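Please build the complete structure, drawing on both the sequences and the hints.
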Amino acid sequence: DVKVTQSSRYLVKRTGEKVFLECVQDMDHENMFWYRQDPGLGLRLIYFSYDVKMKEKGDIPEGYSVSREKKERFSLILESASTNQTSMYLCASTSGGAYNEQFFGPGTRLTVL
Amino acid sequence: SQQGEEDPQALSIQEGENATMNCSYKTSINNLQWYRQNSGRGLVHLILIRSNEREKHSGRLRVTLDTSKKSSSLLITASRAADTASYFCATGSGAGSYQLTFGKGTKLSVIP
Numbered sequence: 176d177v178k179v180t181q182s183s184r185y186l187v188k189r190t191g192e193k194v195f196l197e198c199v200q201d202m203d204h205e206n207m208f209w210y211r212q213d214p215g216l217g218l219r220l221i222y223f224s225y226d227v228k229m230k231e232k233g234d235i236p237e238g239y240s241v242s243r244e245k246k247e248r249f250s251l252i253l254e255s256a257s258t259n260q261t262s263m264y265l266c267a268s269t270s271g272g273a274y275n276e277q278f279f280g281p282g283t284r285l286t287v288l
Numbered sequence: 090s091q092q093g094e095e096d097p098q099a100l101s102i103q104e105g106e107n108a109t110m111n112c113s114y115k116t117s118i119n120n121l122q123w124y125r126q127n128s129g130r131g132l133v134h135l136i137l138i139r140s141n142e143r144e145k146h147s148g149r150l151r152v153t154l155d156t157s158k159k160s161s162s163l164l165i166t167a168s169r170a171a172d173t174a175s176y177f178c179a180t181g182s183g184a185g186s187y188q189l190t191f192g193k194g195t196k197l198s199v200i201p
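For the protein sequence lines, the chains are A and B, in the order given. Just add 175 to the spot in the first sequence (first one is 1) and you have the working numbering. Just add 89 to the spot in the second sequence (first one is 1) and you have the working numbering.
Don't read these hints as lab results, they were simulated from the structure. In this text, all values refer to a predicted model and were calculated from it rather than measured experimentally. We treat Cβ as the ideally placed atom computed from N, Cα and C, and that holds for glycine. Wrong hints could be hidden among the right ones.
Restricting the straight-line Cα-Cα distance to at most 30 Å, the calculated cross-link-like pairs of lysine-lysine (BS3-like) are [said to hold, decoys possible]:
(1) LYS115/B to LYS230/A
(2) LYS188/A to LYS232/A
(3) LYS188/A to LYS178/A
(4) LYS246/A to LYS188/A
(5) LYS230/A to LYS193/A
(6) LYS178/A to LYS228/A
(7) LYS178/A to LYS145/B
(8) LYS193/A to LYS232/A
(9) LYS193/A to LYS178/A
(10) LYS115/B to LYS145/B
(11) LYS178/A to LYS232/A
(12) LYS115/B to LYS232/A
(13) LYS159/B to LYS232/A
(14) LYS188/A to LYS228/A
(15) LYS178/A to LYS196/B
Which chain A residues face chain B? A few, computed with CB under 10 Å, are given here [to be verified]:
(16) ASN206
(17) PHE208
(18) ARG219
(19) PHE223
(20) TYR225
(21) LYS230
(22) ASP234
(23) MET263
Right, here's the structure in full:
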């Protein structure tokens with residue numbers, strides 16, 4: 176059974192803290208994505224990676240960075256968390272090819288106080 | 090930038106009825122996908138339709154695609170309480186990019 180796991184389901188952090196969200200997939204997928212989901216705004220792409228050590232900005236990269244040192248792991252980093260980064264964060268992965276579905280993790284609900 | 094826009098934003102029906110959700114998009118695509126999200130969880134892929142296809146079925150799901158109108162619809166027949174969830178359309182432009190652009194979703198409530 177294919178799986179994408181995220182390190183935490185719920186996380187509470189303070190403003191200014193450095194926050195790490197981890198995502199691991201066991202499907203040997205080349206492509207991994209980080210989205211944030213907010214009410215009324217749907218899913219918005221933050222960053223994606225198409226190979227180890229490769230990354231591309233999505234639609235809303237400001238305030239975030241990413242790291243992909245191993246194929247199965249894609250980390251999202253909030254360098255200095257702010258209250259407007261309170262959100263649901265979703266990780267996804269997909270294999271190469273233009274007609275492939277994305278597999279999602281269960282999400283991390285982050286609250287920044 | 091948002092590509093797909095679902096309509097309606099929310100839909101409430103009785104168990105056993107059919108549910109229809111629509112998705113419109115703006116630019117050329119090579120495929121359109123539908124996903125389901127149960128409350129507070131990740132998204133689950135339901136069905137993919139390619140741009141050269143007009144209709145596709147999977148169990149109680151029927152998806153249509155009209156590229157001339159840049160629109161798609163998802164029909165769930167004989168709905169069940171377990172179908173209560175948010176449904177998202179996502180468009181892929183192909184051409185070597187594996188990104189999908191998601192809409193804002195339709196929240197479906199199926200009343201037992």
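- Should the interface hint for PHE223/A be scored as holding, given a Cβ-Cβ cut-off of 10 Å against chain B? Interface hint status for PHE223/A: holds (6 Å vs cutoff 10 Å).
- Message: Next pair to validate is LYS230/A with LYS193/A; report whether the Cα-Cα distance is within 30 Å.
- Response: 20 Å, holds
- Hinted pair LYS188/A and LYS228/A, Cα distance within 30 Å: 27 Å, holds
- Message: For the restraint on ASP234/A, tell me whether the closest CB of chain B is nearer than 10 Å.
- Response: Hint holds; ASP234/A Cβ to chain B Cβ min 6 Å, cut 10 Å.
- Task: With a cut-off of 30 Å on the C-alpha distance, tell me whether LYS159/B and LYS232/A pass.
- Result: 27 Å, holds
- Message: A closest beta-carbon separation below 10 Å is what the hint needs, so does ASN206/A meet it against chain B?
- Response: 5 Å, holds
- Message: Run the distance test for LYS188/A versus LYS232/A: straight-line Cα separation, threshold 30 Å.
- Response: Since the Cα atoms of LYS188/A and LYS232/A sit roughly 24 Å apart, the hinted pair holds (cutoff 30 Å).
- Message: Hinted pair, alpha-carbon criterion (30 Å max): LYS178/A, LYS196/B. Please report holds or violated.
- Response: 25 Å, holds
- Message: Given PHE208/A as an interface hint, is its Cβ closer than 10 Å to any Cβ of chain B?
- Response: Status holds, d = 8 Å.
- chain B contact restraint for MET263/A - C-beta distance below 10 Å: At 8 Å from the nearest chain B Cβ, MET263/A passes the 10 Å test, so the hint holds.
- Message: Just to be careful, I want the Cα atoms of LYS115/B and LYS145/B compared with a cutoff of 30 Å; is the pair within it?
- Response: 21 Å, holds
- Task: Decide if the proposed pair is consistent with the structure: LYS178/A and LYS228/A, CA atoms, cutoff 30 Å inclusive.
- Result: 22 Å, holds
Checked against the numbered hints given earlier, this structure breaks only hint 21.
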